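K.L.:
Sequence:
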Amino acid sequence: SSLSVAAGTTIHFRNANASGAQCTIFALDGSFESPVITRGEGWHHTFEKPGRYAFRVKEMPHVEGVILVADE
1050 SSLSVAAGTT IHFRNANASG AQCTIFALDG SFESPVITRG EGWHHTFEKP GRYAFRVKEM
1110 PHVEGVILVA DE
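Residues 1050 to 1121 (the numbering used here) make up the sequence shown, in order.
Everything labelled a hint here was simulated from the structure, so no lab data went into it.
Being a predicted model, the structure only gives us computed values, none of them experimental.
Among the hints, a few may not be true.
[Said to hold, decoys possible] DEER-style ranges, computed between Cβ atoms:
| # | residue 1 | residue 2 | range |
| --- | --- | --- | --- |
| 1 | Ala1056 | Leu1077 | 18 to 26 Å |
| 2 | Gly1114 | Pro1084 | 29 to 37 Å |
| 3 | Ala1119 | Gly1069 | 19 to 27 Å |
| 4 | Val1054 | Val1085 | 21 to 29 Å |
| 5 | Thr1059 | Arg1088 | 17 to 25 Å |
| 6 | Glu1113 | Pro1084 | 13 to 21 Å |
Ideal Cβ placement from N, Cα and C applies to all residues, glycine included.
Start from the sequences, fold in the hints, and give me the full structure.
P.N.:
Next comes the structure, spelled out in structure tokens:
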């Protein structure tokens, strides 16, 4: 899935995994990585620069997405 936002937008990632598994979200380009997020917890990241930020969940590599950041 993908999400389009303006530069400067903060995105909140939440672990809603029904199995209770922990997760770590990371950008494929290395621009961000969350700490380990437990079930029901979250983490946020502000996307300051325009670009395409593909990400995955380290513990579940089939879970992926893209944040598309446009100029403000």
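K.L.:
State for each hint whether it applies.
P.N.:
These are the hints, each one checked on the structure:
1. Range check, Ala1056 to Leu1077: about 19 Å between beta-carbon atoms, so the 18 to 26 Å window is met.
2. Distance hint check for Gly1114 and Pro1084: the Cβ-Cβ separation is about 19 Å, which falls outside the suggested range of 29 to 37 Å.
3. Hint check: Ala1119 to Gly1069, Cβ distance near 36 Å, so the stated range 19 to 27 Å is violated.
4. Distance hint check for Val1054 and Val1085: the Cβ-Cβ separation is about 25 Å, which falls inside the suggested range of 21 to 29 Å.
5. Taking the beta carbon of each, Thr1059 and Arg1088 are about 22 Å apart, inside 17 to 25 Å as hinted.
6. About 19 Å separates the C-beta atoms of Glu1113 and Pro1084, a value consistent with the hinted range of 13 to 21 Å.
Checked against the numbered hints given earlier, this structure breaks hints 2 and 3; the rest are met.
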